[in-house]
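Asks: One-letter residues, chain by chain:
Protein chains: 2
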Amino acid sequence: MQDGRDSESPWKASSDRQTEREAKRVAVLRTAARAFNETGYHNTSLDDIARRLNVTKPTIYYYVRNKEEILFECVRIGLEMLDEASNDVNGHGGSAYDELIVVMRKYAEIVTMDFGMCVIRVGEEPLTEESRRTLRSLKRGIDRKFRRLIERGIKEGSLAPCDPKIAAFTVAGALSWIARWYSPNGGLSAQDIAAQCIDLLMNGLGKGGPSGEVRPPA
Amino acid sequence: MQDGRDSESPWKASSDRQTEREAKRVAVLRTAARAFNETGYHNTSLDDIARRLNVTKPTIYYYVRNKEEILFECVRIGLEMLDEASNDVNGHGGSAYDELIVVMRKYAEIVTMDFGMCVIRVGEEPLTEESRRTLRSLKRGIDRKFRRLIERGIKEGSLAPCDPKIAAFTVAGALSWIARWYSPNGGLSAQDIAAQCIDLLMNGLGKGGPSGEVRPPA
Chain A
1 MQDGRDSESP
11 WKASSDRQTE
21 REAKRVAVLR
31 TAARAFNETG
41 YHNTSLDDIA
51 RRLNVTKPTI
61 YYYVRNKEEI
71 LFECVRIGLE
81 MLDEASNDVN
91 GHGGSAYDEL
101 IVVMRKYAEI
111 VTMDFGMCVI
121 RVGEEPLTEE
131 SRRTLRSLKR
141 GIDRKFRRLI
151 ERGIKEGSLA
161 PCDPKIAAFT
171 VAGALSWIAR
181 WYSPNGGLSA
191 QDIAAQCIDL
201 LMNGLGKGGP
211 SGEVRPPA
Chain B
1 MQDGRDSESP
11 WKASSDRQTE
21 REAKRVAVLR
31 TAARAFNETG
41 YHNTSLDDIA
51 RRLNVTKPTI
61 YYYVRNKEEI
71 LFECVRIGLE
81 MLDEASNDVN
91 GHGGSAYDEL
101 IVVMRKYAEI
111 VTMDFGMCVI
121 RVGEEPLTEE
131 SRRTLRSLKR
141 GIDRKFRRLI
151 ERGIKEGSLA
161 PCDPKIAAFT
171 VAGALSWIAR
181 WYSPNGGLSA
191 QDIAAQCIDL
201 LMNGLGKGGP
211 SGEVRPPA
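Order-wise, the sequence lines are chains A and B.
Just so it is clear: in the first sequence, position 95 is 95 by UniProt numbering, and no numbers are missing.
Just so it is clear: in the second sequence, position 213 is 213 by UniProt numbering, and no numbers are missing.
Quick caveat, the hints were computed from the structure, so don't treat them as lab data.
What you are looking at is a predicted structure, and each value in this text was computed from that prediction instead of being measured.
A few of these clues could be false.
Any copy, or any two copies together, can satisfy a pair, since identical chains are not distinguished.
Unchecked claim - Taking lysine-lysine pairs in the PhoX-like style, the calculated list, with each CA pair at most 20 Å apart, reads: (1) LYS207 to LYS165; (2) LYS12 to LYS57; (3) LYS155 to LYS207; (4) LYS67 to LYS57; (5) LYS165 to LYS155; (6) LYS145 to LYS165; (7) LYS155 to LYS12.
Only chain A is shown next, with the shape it has when bound in the complex:
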C-alpha cells in the first residue's frame, strides 16, 4: 500500500540500485573464488557458480561477461588487498622490524581468505597475456614494497644484513604457501599459523644449531 511518500516507491533510488548491484557482483566473484579454490579453475563452470548462489546462469551474466573476467577480478581484488596490507603501517614512525611483522601478519591472513587464496591457488596463469601482464604488474608493486621495507630495516639495523630481493621473496613465498595448505577446518586458526610462520621467518629455524650458521654450499 502506497501512502504517497517518495521513500515508499516500489523502485529503489538509483544510488541504492548501484550499491546493491555492486554487492551482488562481489558476491558472485567471492563465490567463484571459493569454488576455484576448492575444486580448481578448470573444474568449475559458470553453472557450478550459479548453483552455489541459487541463481541461473543468465543472472551471472548480468554481473560478469565470462569466466575469464571472473578470475581476473578475483586475482585483481586479492592482489589489491595484499598491496593495501602495507599501506596502513608505512610511514607511521615504527621500526621497519615492527612494520614488517604487521604487514606479514595481514598478508598471511589475506591469503587464507577467498580472494587472496585465489591469487595463490589459481593465479593469473589461465588468463590472456594482456591480463597476465596487468596482474604481474600489481605483483611487482607488492614485491617492491616488501623490498623497500626490508632495505629500511637493514639500514636502521633492525633486520639482518641480507639481499632484500631474496629476503622479500623468501617471506612472500613462506606466507603465500599458507594459501596452499590452509584449511578452515584444520585445527589451527589463520592467526596462529601466521604468528608461528612469522616467528620462524624472523628468528630462524636453526637456533641452537650445532654450527650456529649455515655452511657455504659444498
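Knowing the structure of chain A, use the given hints to seat chain B on it.
Replies: Using the frame of chain A, we list chain B on its own:
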C-alpha cells in the same frame, strides 16, 4: 656397406631402441615443461611443443597420448626428484640440522630446473581429479619427510622448538617460491639464491631486531 657383423645391422637391438625411445620421450616432456613454465600450460599447444623439437605433432603422439599426460608426467617426475632430494642424506648419521640444509639446497636447485619448476609454476590444478589425487599423495610424502627431519632436529636440540607442520610448510613455501621468480638470466645463480634463502630460514631475518623476538598477535 654391411660386413656381416650383427652390430652393423641397420636395425638397432631391441634394448637400444627401448633406451632411445625413453630418451626421446623424456626430451618431449622436458621441452613441454620448459614451454609450460615460460608461457603457461593453457597457452602452450602440442604444435608449439613439436615446433620447439623440430618434429611434427604425430611424432609427439608416438611418445605421449595428449597434453594432460604430458603435464601429469612433468609434475610426477618433478615431485619424484623433490622426494629423492632427501633420500641421499637420511640416516647417514649427520645431525638433522646438517641434513636439513643438504635437503633444502637440493630442493631449491630442483625447483629451478624444468620438471621441478613445472611442479610449482603449473602444478596439478589443470588435471583430472584422479591425477590430482595421485600427485597430491606424492606431495604429502615429501611434506612428511620434511616434518620428520624437523621433528628429529627439535628432539636432538639442533633446531628451534616449533610446530614441525608449520616449519615444514614455511621451508617448502620459501624454497618453492624460488621457482616462481627465478630466471636463468637474472644475475644470481640457483646455488647463490638457495644459499641465501636457506641462511634466512635457518638464522632468521630479524637478528638484532629491537625486541629480539616476535610479539604475539595484537
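Asks: Please go over all the hints and tell whether each is borne out by the structure.
Replies: To see whether the hints hold, each was checked on the structure:
1. Only between protomers do LYS207 and LYS165 lie at most 20 Å apart by alpha-carbon distance; the minimum there is 17 Å, versus 24 Å within a single protomer.
2. For the homomeric pair LYS12 and LYS57, neither the shortest alpha-carbon distance inside one copy (24 Å) nor that between copies (59 Å) is at most 20 Å.
3. In this assembly of identical chains, the alpha carbons of LYS155 and LYS207 lie at most 20 Å apart only when taken from different copies (13 Å versus 24 Å within one copy).
4. Taking the shortest alpha-carbon separations for LYS67 and LYS57, only the intra-copy value of 11 Å comes in at or below 20 Å, while the best inter-copy value is 30 Å.
5. Within a single copy, LYS165 and LYS155 get their C-alpha atoms as close as 15 Å, which meets the 20 Å cut-off; across copies the closest is 33 Å, which misses it.
6. For the homomeric pair LYS145 and LYS165, the shortest alpha-carbon distance inside one copy (11 Å) is at most 20 Å, but the shortest distance between copies (29 Å) is not.
7. Taking the shortest Cα distances, LYS155 and LYS12 never come within 20 Å of each other, neither inside one copy (56 Å) nor across copies (66 Å).
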